[in-house]
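Protein sequence lines, in the order shown, are assigned to chains A and B. With the first letter of the first sequence counted as 1, position 95 gets the number 95 in the numbering used here; the numbers rise by one all the way through. Count along the second sequence from 1, then add 1000; that gives the number in the numbering used here.
Treat the hints as calculated values from the structure; they're not laboratory data. Treat each hint with caution, since some may be false.
What the hints assert, rightly or not - What the simulated footprint calls covered on chain A by chain B, stretch by stretch (three residues with Cβ under 8 Å from a Cβ of chain B suffice, anywhere in the stretch; the number is not a length):
id : region
1  : 44-54
2  : 151-162
3  : 173-180
4  : 373-379
5  : 429-438
Claimed, not checked - Which chain B residues stay away from chain A? Per the calculated CB distances, all over 12 Å, these:
id : residue
6  : K1032
7  : L1051
8  : Q1134
9  : Q1201
10 : V1257
This one's a predicted model, so the numbers in the text were calculated from it and none came from an experiment. Glycine residues also receive a C-beta, built at the ideal position from the N, C-alpha and C atoms.
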Amino acid sequence: MTIKNAMRDHGQRYRPRMACLKKVGSAVLLEMQDPKTGVKSQLQRLVITTIPHAITGEDIVAWLANKFNISAEEGRSLGTMLVALGYIYPLQDHKRLVVKPDASLYRFQTPYFWPAQQWPVEDTDYAIYLAKRNIRKKGILELYEQEQYNHLHKWMNHKWDFIVMQAKEQYRAGKERKKPDRAVFDCQERAYWVVHRPPPGTVSGMDYGLDRLIDPNAEEVTETDLIFLTFLWLPSLSCFLPRVKSSVSIGALVKFVTTHKNHDPFLAQCLPSNPWVTDDVSYWTLNMANVEIPTKMRVERWTFSFVELLEDPRGRDDFRFFLKKEFSGENLAFWEGCEDLKWGAAAGMSEKAQHIYKTFLARGAPRWINIDGTTMEATVRGLKHPHRYVLDAAQTHIFMLMKKDSYGRYLKSQVFKDTTKNAINPEEQKFTDAQLDQNARNRRPSLSPIAIRQMELEQKAKLAASGPVDITQVMSKLSKQGKDAPPPPPPKK
Amino acid sequence: MPLVNNKVGDDCTVGTDQALTDGKALVDSLIKVVACYRHLASCVGGCTDSLQLRDELRQTRDKAQKLAAANCHHLTSHLRDKSLPEEQRKEMELLWVAFSSSLELLHADMCKVFNMGDIFSLANSAVFVQTGIQGGGSEVAARALSMPDLNQAQSPVLPEGLETQERSTMEQEISQVDHMITDMEMKVNVLRWMVESRGPQYAEPLNSTDSASLALLSMDEEQPGAEHEAARHHSQMLMMLLLLAVILLAAALSVSVVIFS
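Isolated chain B, as found in the complex (with noise of 0.2 Å):
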């Protein structure tokens, strides 16, 4: 932390870098933990549906709703800043689409869940869907809350009241995040038409390693026989190119090897 002595030359640009850093750092984790919430919403009310995926569901929701207040507070407080310069502002608009849009995604996701736990009540676990899926939303969930490994004790039985006290929270919790959307769009005005996106169209291929992997489980529409087929084939040619280079390394190291010695 440096020594704030300085009140000329750069300080300010240096403090608002900083607070966009920071802004940044606070979106990502928002938008990272909005989506594991997806995930993990998408499994209320299948087979997998249990107290431990409530359970994880609620933890994810608390981190959301503290990362969000955390963004509010953040964005607010430097948007109504009127000595920012434009540069940063336009930054800090982009990041603030960004958190209101999350937000958003956040809220919608609340609701649903939150209707479906109506239906899909866990004292009557025999209405659930069954949907294929086979596992739980731990790893998601750990992915969202940031620790590497989730030990849950499950307890087997559910407790009295607990699921009528867990819909109230969620109620006011809702409540709370609709309130949080309505003040940031009093509070701090942003023209969304303003504001240009900069990042690219497409998003860009990520770690193209898993996408053999996951070609031979895809259930692909056109010919899934066929495509099966071909993506095994494809795999054995890559493990045979690979195969290849390595034993002509090692012929190369050797040759190398008998030269110089």
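Same shape as in the complex, but just chain A (with noise of 0.2 Å):
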């Protein structure tokens, strides 16, 4: 039954990947906590009374590695995940979500206060629960708590009387309750924040994407939908699809796997270490576009395809420094202008074709390309009227002459083997679990993309300023005084 108000309702409230929690909560969970099959449960002692349905650690680890028949470390880190997601709390050290494998103390947490995929958790709840935790501790909160409290004063501005009000109305309803039950309540409320608004530093569990606008849980093909598929549609679109036989496209998904999968981080070791797995960037920093010295396996997956060469920054600059060494330099910016003009913003495009047509097509053209009649002919008509694809034609015999045959020589040359030589193999890091814990917390985030997308284009305007080789005043030059003239000053382009 689905509880909708359209006018609070923004359409944008699935959380896909939360899909997950039906299956956590439903099935381990109940399992878990049963009395005779589930884990043990001892009692909690604290100065005056105890309290009953405390699990340690180690218990919780071992029964779901017998449960499940999977080894103890993977227990823990199942373990670790249902604390993380807030079914299960710890008693001690509440602000650590994970399962530590001795005898400290975790309880489950009630229903009420399980995480559900169809209700994000609201910040007047929040705020309810800071001025509830103002008033029980006398205004001493933590510190990210009182920015949040004050940063919440100011945008709920409108409801705080309400909230004041309702957090002073469940802290009387509070203390009508036992002792005992008051302090679990507490307790599990406390649980029930740190999971969902954590502390600054931690990583939060409930982290999950982008909100969808479809249910991911609903039926995606209605009955009315699936007939009208199977009768009247896919056959009158069955003539007309492009079709590859299953053994050519296997085949060619099994080719990519075999040469890429010494390169996959996760399948095969990264070196120096798996950023994903021991938060340490240094992978990524000696493999950034710009950087000077390539890695060895960045080298080798220049040599797969002309494609990889291509779309690795670094390796098109490799290519670029090979080509002007053989003066044939202008097939790659001929073939970089196409991909400007059709990636590019519509606004100057025309400019840009004809900015194209005059460098690279036109009769005595400085940096003229060889290609054939035919398409010289129909790319010269189509620059009548330019658009995004009038290049492509061009582009792809462009493409395809330096795949067959700058390519090739590419992977003999000295420039290669130079690359090659001095590409280094970074060595494989090993942290201690407390250097782990130390990477854990020293995450920055990365290089903001407008700084990226800055240095981008200040490369490009640097490879413009040291400018093309002209080749008709080369040509020129060279006619006239024989062969010890210097190339002439780059024109300003």
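Since each chain sits alone in its own frame, please combine them into the complex, following the hints.
Next comes the structure, spelled out in structure tokens:
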């Protein structure tokens, strides 16, 4: 039953990655807490009283390992996931949502506070909780809680009287309960908010990505749609669908996997260390776009196919350097210009097309490219009414030319041999548990995309300024003065 | 009830003042009932979930809905009155915002209880989660219903079909509350960004005598053992001081009696 209020519902409320919560809650946890077959529970002793239903970390890990027939380490990470999602909460050290495989105590969270996919956590509730905590602790909130409180006070100012009143009423209602229950309820609430409003520097298990418009749990294809599809639509479409034999496509997939399997950070060992696992970013810094010395694995990938070489910015630089030495850089420059036209903004498209024509295609152009007559005619005709894909045919021709001719020579060239020789093979990093903790704590956001774009533009400008070789002038100078003329200064582009 | 004979003077402001106090009382009681409902809802699915708890939930829910309907009536009629003076209108709007927020909280809690009823049905009580709660919610329910004592005749056996009937009633109630929220938005135009709260940013700390006892029990975060010791020590000191004060008072009184006799 979906309960909707069109006024407050803006449609974007399905959180797809949280679909796992249903499985965890209804399946695993209900079995875990079974008094007969679940985790063994014990009493928690406090000063005056004892509170039942506490479980130890080692019992949790042992039960999970036994139930799912997995190793102790996997049981531990499964237990940590349960704690991080908020189904079990630690009684000591409540801010660290991990399962410690020793005698530290945990308790099951009440179903009211279980995380749910369909209800995101409301700020109003958080404000009420903070106000209650303020009452209880007499005005001493933690720093991040204080900041949140002030922030919420600013943004929910119109509700603030209500929030303060509700906090007081909830506090008073809580006092009606017996003292052990009150303490347990306080712990439950505190644990709930540690999961959903994590303290700074910790990772939240509730990171779920984007909201979605469509309910991922709903059936996608209805009855009528199915009938429509099978009897009316698909048969008519099938004559026009492009077809590939599965032997061909599967063969291509197998080939891709066999060539790339040693380069995947998750399938094979990643040197120096997998940043997703150890939180150490040296792998990414060593493989940045404009790095001076590439890694051996990266250079090996350039030999797989021409597309790999061109897609990698460092590989493209290397290739450009090689072509510059061979005085055939205009092919790559033309290809890059066509890419720019295809993917660039629509505003300057006609100017760009004209510029490319003048530089590469016109008769007597400074960087004239060699394409066959029919393509040239078609392109020139198309340039009368330029659009994004007007240079597509010429670009494909040049691409095939580079692939069949220059690429092969590049792989045998001295440039490539030098690059391979200088490529580094980083050492494998081994981290102890303490160092891993340290890495996790020192996680920082990466370079801002604005800064990266800035660097790219600067590099492009530098490239343009260092100037392409003007072939006509070089040829004319050479023919006039023999072979001892230095290349002329690059013309202003 | 004053004779409504005088049409001149401050009759209208007196009337609206009365309306304001009435409205405030209604909203306050709704907030109280919603708070109690939340406490009760947090026990659903736990080891203390029982027919009694569900019964208490139902009663609290009924009371909340009655209060909500009364509030709705009261506030919409006053806010649609064009002749309301500005000051009163501001107060009414504050009450209105409080009312709509509490209604939203109630709606959310009702939805949660409804969904949890799906998973934790009373017929199969083995799945109730062992949460460590030991007592029921009777005192909270008593507070909500403003009755000094809840004498529940607990029926040991779950009547047939009660649960499905309850579920359908609950579905209806939830949609009713939903409609109320929508109606309110439609009928009365309150600009939330214009409403300014008048109360303090921080809730004042309440009656401090219970803090000592709570500190004894608190499973506090930083140093559990040390804080317990400190708290016990603290309360012992308090008792000693109190005793000393009483003794001094008694001595002073006896001295004065001796002097004056």
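Check the non-interface label on B:Q1134: least C-beta distance to chain A beyond 12 Å or not. 6 Å, violated
Please verify the coverage claim for the region 373-379 of chain A: does it have three or more residues whose C-beta sits within 8 Å of some C-beta in chain B? violated (count 0)
For B:V1257, is the shortest beta carbon distance to chain A beyond 12 Å? 42 Å, holds
Take the region 44-54 of chain A, compare each residue's beta carbon with every beta carbon of chain B, and decide whether three or more fall closer than 8 Å. Held - the region 44-54 of chain A has 9 residues with a Cβ nearer than 8 Å to chain B, which meets the minimum of three.
Beyond 12 Å from every Cβ of chain A: is that where the Cβ of B:L1051 lies? At roughly 17 Å from the nearest Cβ of chain A, B:L1051 sits farther out than 12 Å, so the non-interface label holds.
Taking 8 Å as the Cβ threshold, is the statement that the region 173-180 of chain A is covered by chain B upheld or broken by the three-residue rule? holds (count 8)
Just double-check B:K1032 for me: nearest Cβ-Cβ distance to chain A has to come out over 12 Å. 5 Å, violated
Quick check: do three or more residues in the region 429-438 of chain A have a beta carbon closer than 8 Å to a beta carbon of chain B? Violated, because only 0 residues of the region 429-438 of chain A bring their Cβ atoms closer than 8 Å to Cβ atoms of chain B.
Minimum C-beta separation from B:Q1201 to chain A exceeding 12 Å: can you confirm that? At about 5 Å from chain A, B:Q1201 fails to clear the 12 Å cut-off, so the statement is violated.
Can you tell me if the region 151-162 of chain A counts as covered by chain B, using C-beta to C-beta distances under 8 Å and a minimum of three residues? With 7 residues in contact (Cβ-Cβ under 8 Å with chain B), the coverage given for the region 151-162 of chain A holds.
Violation of the numbered hints given earlier is confined to hints 4, 5, 6, 8 and 9; the remaining hints are satisfied by the structure.
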